[in-house]
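> Read off the chains here:
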Amino acid sequence: MKTNDLIIQTATKVVFFIIFLFSIHIFFAGHYTPGGGFVGGLVMSSAIVLLMLAFDLKTVQEMLPINYTVVTAIGLLISILTASGSIFFNVPFFTHVFDDFYIPLLGETSIHTAMFFDTGVYLVVVGVTITIIQMIGGDE
Amino acid sequence: MINLLLFPVLIPFLFAAVLLLFPKKVKAQRIVTMIGLLFALASSFVLLYKVKVDGVQTLTLGSWAPPFGITMVSDMLSALLVTSSLLIVFFVVWYSFTSIGEEREKAFYYPAILFMLTGVNGAFTTGDIFNMFVFFEVLLMSSYVLIVLGGEKIQLKESIKYIIVNVVSSSLFVITVGYLYSVVGTLNMADISVKLAEIGPSGIVTVIAVLFLIVFGIKGGIFPLFFWLPGSYAAPPIPVLALFGALLTKVGVYAIMRTYTLFFTSDVGYTHNLLMILSILTIVVGCIGALAYFDVKQIIIYNIVIAVGVILFGASVMNESGMMGSVFYLIHDILIKGALFLFIGIIIKITGTSDLRKMGGLIKRYPMLGWSYLIVAFGLAGIPPLSGFIGKLLIVQGGFEAELLWQSIFILASSLLVLLSAIRIFIYAFWGEEKGEHLISPKKYRHLLAPAITLAGITVLYGVGAEYLVPFMADAANVLLDPSIYVDAVFEGVK
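Residue numbers (the numbering used here), protein chains in the order written: chain Y, 1 to 140; chain X, 1 to 495.
The hints are simulated quantities; they were obtained by calculation from the structure and are not laboratory data. Computed from a prediction, not measured in an experiment: that's the story for all the values here. There could be a bad hint or two in this list.
Derived DSS-like pairs (lysine-lysine); straight-line CA-CA distance at most 30 Å [unchecked claim]:
#	chain 1	residue 1	chain 2	residue 2
1	X	Lys27	X	Lys443
2	Y	Lys58	X	Lys24
3	X	Lys106	Y	Lys58
4	X	Lys364	Y	Lys58
5	X	Lys443	X	Lys364
Take these sequences, add in the hints, and give me the full structure.
If you want it as structure tokens, here you go:
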């Protein structure tokens with residue numbers, strides 16, 4: 001049976017970007033308020049899942065030709081290497097530091113090494129979730 | 001380098017992440033895995049030296065003060081275990097090059113091994129009971145990948161069983177940690193040790209001790225919780241079986257030894273007696289299984305169960321000789337089980353079957369294989385001066401010192417049964433008339449034999465050079481018997 005998914009497809013084209021931006025917002029909100037890389041990554045993967053529901057697996061793979069295993073690996077590497085920075089300063093592993101920087105447009109911003117670690121977490125969550133869904137969903 | 005004790009955990013993790021980037025390039029996978037393992041091995045030897053010279057190494061992650069941060073502790077026992085697990089993985093990976101097949105190598109085989117190694121080494125190193133759960137999960141997740149990789153029918157069947165058993169035991173683990181937390185209000189193992197000593201003997205602590213025994217007993221394979229082990233371990237190919245048999249049960253055994261010496265020392269009359277009785281029963285059941293089967297895999301798998309019983313018996317008597325014997329035997333068993341599985345792997349590759357009754361006469365064509373297998377089999381049974389002897393001697397001595405006469409005699413008698421079970425393989429497979437075709441090219445045979453013989457050589461050195469290892473083993477046993485060394489090292493500079 002051919003389903004009529006015009007409405008969901010049209011809505012998804014807009015909603016996808018809203019969810020994507022929201023996931024970025026949650027990600028940056030994470031340090032002092034609820035949020036962070038894990039939740040942000042889940043929200044982002046839910047956006048991709050929405051794409052998959054509205055279109056289908058093949059179309060989405062053409063839209064976003066990304067190897068999600070590589071995304072996972074890159075995320076892991078970012079996280080490990082950020083945390084390993086502490087080794088070079090001879091302080092306990094996972095010790096974090098932060099400082100205030102002036103960034104154009106954003107103004108005075110506090111940048112935290114934990115944020116880079118969280119970037120890795122974000123990528124790992126997106127990579128793993130989508131890999132799992134592709135595996136299960138792609139199975140005929 | 002205060003982060004040194006993390007290197008054996010971090011290096012495999014880093015290399016596993018790198019390997020995920022190019023899963024299809026088999027040659028690159030092999031080379032990068034070997035480089036990673038060599039680095040990790042080097043760091044673990046440096047760590048071993050440092051622990052010997054400077055005593056217990058500790059580090060609390062993120063510069064938080066213990067007991068609030070996650071503490072990593074490397075005492076002699078965990079440094080020894082980390083080193084021997086890296087050693088085993090090195091040889092198994094070397095053996096895998098010719099044995100595992102390209103299809104599996106392209107399907108994240110090496111990253112899964114390195115992730116599992118991260119979990120194993122992490123569980124040996126951590127000083128935080130919840131963090132230990134996390135590392136258990138890391139190694140279990142990777143072991144799920146390894147057991148199902150290849151997707152043969154038997155693998156799928158057994159992996160369902162394996163996953164269900166482990167999910168149940170993991171949830172029980174969290175529940176038990178929850179109970180413990182509700183009693184002592186901390187997760188740091190050194191802190192738990194202090195708080196439990198303040199509480200003294202109490203019913204709820206004994207209950208938690210038994211629950212921990214159940215949780216780790218399922219992982220370690222003690223009687224009657226080993227029911228899943230023979231079936232599940234026999235399903236994956238030999239290199240994976242060697243890893244599982246040599247390492248995974250030992251993580252459970254290590255966790256029992258750690259918790260039963262560091263935490264639950266107030267009601268020894270009940271908890272350690274229970275551990276002692278269960279370990280004897282484990283040996284009984286293991287011996288029956290090892291003699292009952294004609295399947296080489298099953299014979300060696302039941303020998304794992306026997307060894308778990310012997311090690312835990314030594315730990316349960318709680319005196320110096322028993323504990324030192326346990327540590328000796330634990331390391332011996334990791335090395336010898338690895339070597340045995342590699343050898344029977346070659347036998348299975350040559351004959352194409354794991355049924356002893358269909359083999360025979362291999363000694364004519366493969367004398368090297370036969371005689372080196374025999375040496376390893378003697379080492380397994382503990383014939384002096386090979387590696388199993390000194391450990392078992394000390395364990396039995398500990399048993400006599402604790403006035404456990406019959407149990408100790410039984411352990412001695414079980415050695416004979418172990419010897420019989422291992423010699424049966426030798427008699428059936430190597431003696432007699434040649435049977436069937438030989439399915440292996442001479443080149444492939446040499447490539448498989450090299451890692452197995454090198455590992456066998458290491459086990460012989462471990463036995464012959466036992467005298468040089470005594471100071472290391474004594475250090476490990478001292479920390480186990482005197483928790484205050486462990487506690488002081490963690491809280492150094494805080495209290």
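> Each hint should be assessed against the structure and marked as holding or not.
Hints, one by one, checked against the model:
1. X:Lys27 <-> X:Lys443: Roughly 19 Å between the alpha carbons, so the hint for Lys27 (chain X) and Lys443 (chain X) holds.
2. Y:Lys58 <-> X:Lys24: 22 Å, holds
3. X:Lys106 <-> Y:Lys58: 24 Å, holds
4. X:Lys364 <-> Y:Lys58: The hint is violated at about 58 Å.
5. X:Lys443 <-> X:Lys364: Holds, because 17 Å separates the two Cα atoms, which is no more than 30 Å.
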